[in-house]
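Novice: Sequence:
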Amino acid sequence: MREGNTSEPYRERVYEAFADEGLSFDEAVETALRAGMENLDLSVGLVTNVGENEQIIEYALDDDGELRPGDTCPTSEAYCQRTVELESVLSIQNARASAEVTDAAVERFGLETYIGSKVTVGGETYGSVCFADRERRAEPFTEAEELFVELVARLVGFGLERVEHRRRREERTDRLAAEKRRLERIAETSFDIIFRVSADGQFTYVSPAVERVLGYTPAALTGEPFADYLTADSRSDAMAAFESVIEGGTVTGLELTFEGRSGEQAILEVNAVPVDEADVAVQGVGRDVTERKEQEAALRARTRAMDAAAVPITIAEAREGPPVVVYANDAFERVTGFKADEIRGENYRRLLGPETDASDVDAVETAIEAERPVTTELLNYRRDGTPFWNRLTITPIEDADGETSHFIGFHQDVTERVRTERLVDLLNRVLRHNLRNELTVIQGCADLVDTRQEAGADIEGPLRRTIQRLSSLSSQAHELETYAKQPRTPVELDLGTMLRSVADDHRAQYPEATISVAVETERAVSAGRELERAIAELVTNALEHGPARTTVDLVARDDGQTVEVTVADDGDGISPLEAAVVEAGRETPLEHGRGLGLWLVNWIVTRYGGSFQIRPDDGTVATLRLPAIGPGQSVDDAVCRPTTLFR
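Residue numbers (our numbering): 1 to 647.
If you're looking for bench data, these hints aren't it; they were derived computationally from the structure.
Just so it is clear, CB atoms sit at the ideal spot from N, CA and C, and this is done for glycine as well.
A couple of the hints might just be wrong.
List of simulated lysine to any residue pairs, SDA-like, C-alpha gap at most 20 Å [stated by the list, open to error]:
(1) Lys293 <-> Gly263
(2) Lys339 <-> Val324
(3) Lys180 <-> Val275
Pair by pair, the computed Cβ-Cβ distance ranges are [what the hints assert, rightly or not]:
(4) Gly122 <-> Asp174: 19 to 25 Å
(5) Thr231 <-> Asn271: 16 to 22 Å
(6) Tyr15 <-> Gly122: 17 to 23 Å
(7) Glu179 <-> Tyr15: 35 to 41 Å
Let the hints inform the model, and build the full structure from the sequences given.
Specialist: Shown next, in the form of structure tokens:
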């Protein structure tokens, strides 16, 4: 070591080297190593990178030229293996006699003198700065010399951190530049608007698609505040979203309305993310969804129109097998009783019942399979099991590719019309049948007159009775026709008052009969005022066809869901044929009722959603089930749709 030597000038050289922005890091390291070699009077200066298994010499100054940058050795054979384990400087005067250096290291490098300090980068061990010589040192290193080596190690570590930071920054800058170039290439051909916005809310870039959507050129928007091009309604939402992205959040699917150059408005679906660049804070894409929103609005309008339509409407999705209902409007629930979520996922067979004509069903399903429209009338069943006549129209709907995707169904309740048609048919058949029978009787009486049979033959009696029956039949037919033409007007009826009125009228006409009334319910019923005529017909029928002392019991009771009225008598009883005709709900060429009275009852009761049954039982028992009005319920709430008259 040279006499009078001091480390101070060398420290200054090292400081100046790392502070000089005109020097590269490599030049600064070389200057520091050379200053250290001169300060310590040693021939070798190194910066090493020490890994778990290998040491690499990153920088090297060797007066003998033996050690060079890039040289490697196993860590176990490196002097620096021990250095990186210590928090202090490692200094050795006689390597061969030192326990801090392995024999293998000495054999490989032949360095007798060594002083080194650990280098850390970002808190992690990187390697070492060390100085050495192939000759032994006579005196130990001074504290000042050790502090000098430690200083060089720290400055090298700081420098490496700056280099790494600069490298990462340059890589990031390169990536951002490449991303920007890629983005701009995409933007040039993108159908969507790609934009970049600065921290103060100004456009720094807008892709050419903006001219197609809003009418502005990209140049006209660059440098302008994006908020100036929004409608007042969208501005507050946009600014809130912008602040969120500035703070590190993201925006997805935000719909904003922009004012176009010509005054038109466009709805953009905006997605945006934060960007950390000098002139960019937010980057995003805006997709023009104006047409889609208009289509959605139109679809909502059509849906509202279908929801509010008086005609029941369903939409079914076409798929393998029967189509599946995906939509049903409010009118469908009013007519069928099925809520939309109950029928959704079902097919049209949900409306079928035991007396639905299979041929009608086959016609509908054949048309659906062939993807062609179909209209038919068939017997369907409501949710509560009551039948109704449905005029069903099903039409296929094609998608953009011309493929049938859905079927739209219109379900029109035509029960009233079909009831009237069936009633007219009934009147014609009954009148033809009974008129033919009665004319036979009249013809027989005429034959007796023509043959001048002996005096005393009873001709006048049968003739009068026949004429009376024809007159009664004609009156009943006229009455049925009148009721059929009258509007259906449900009102709230008190059964107690009605039954007592019917009983009083018949007691006056049939004084020998016994007529009782029992009302076992407090609920009224929803029906037309002609219901009293139907009950009176049943009482009259019982008294006219029974003995003079016939007993008739009128009973009203509540069965929980409906109010049941029974008219029971102990007379001769209805014939099985007559009961079978009413039970079946139809007449056939071989089965006919005696008159139209029971059909009159059937017509009135079923018109208001009730049911009628009559059977022999030690006389005759007629049962009417009628819609009941519950506590606090209005007539409109309780009213039921007509059920089928004849099936």
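Novice: Does Val275 sit within 20 Å of Lys180, going by the straight-line distance between their CA atoms?
Specialist: holds (11 Å)
Novice: Does Val324 lie within 20 Å of Lys339 when you go C-alpha to C-alpha?
Specialist: Roughly 15 Å between the alpha carbons, so the hint for Lys339 and Val324 holds.
Novice: Per the hint of 35 to 41 Å, is the separation of the Cβ atoms of Glu179 and Tyr15 within bounds?
Specialist: holds (40 Å)
Novice: Between Lys293 and Gly263, does the CA-CA distance stay at or below 20 Å?
Specialist: Holds, because 18 Å separates the two Cα atoms, which is no more than 20 Å.
Novice: Looking only at beta-carbon atoms, does the pair Tyr15, Gly122 fall within the given range of 17 to 23 Å?
Specialist: Holds, since Tyr15 and Gly122 (Cβ atoms, about 22 Å apart) stay within the stated range.
Novice: So the hint says 19 to 25 Å: do the beta-carbon atoms of Gly122 and Asp174 match that?
Specialist: For Gly122 and Asp174 the Cβ distance comes to about 21 Å; the hint holds.
Novice: CB of Thr231 to CB of Asn271, is that within 16 to 22 Å?
Specialist: At 20 Å between Cβs, range holds.
Violation of the numbered hints given earlier is absent; every hint is satisfied by the structure.
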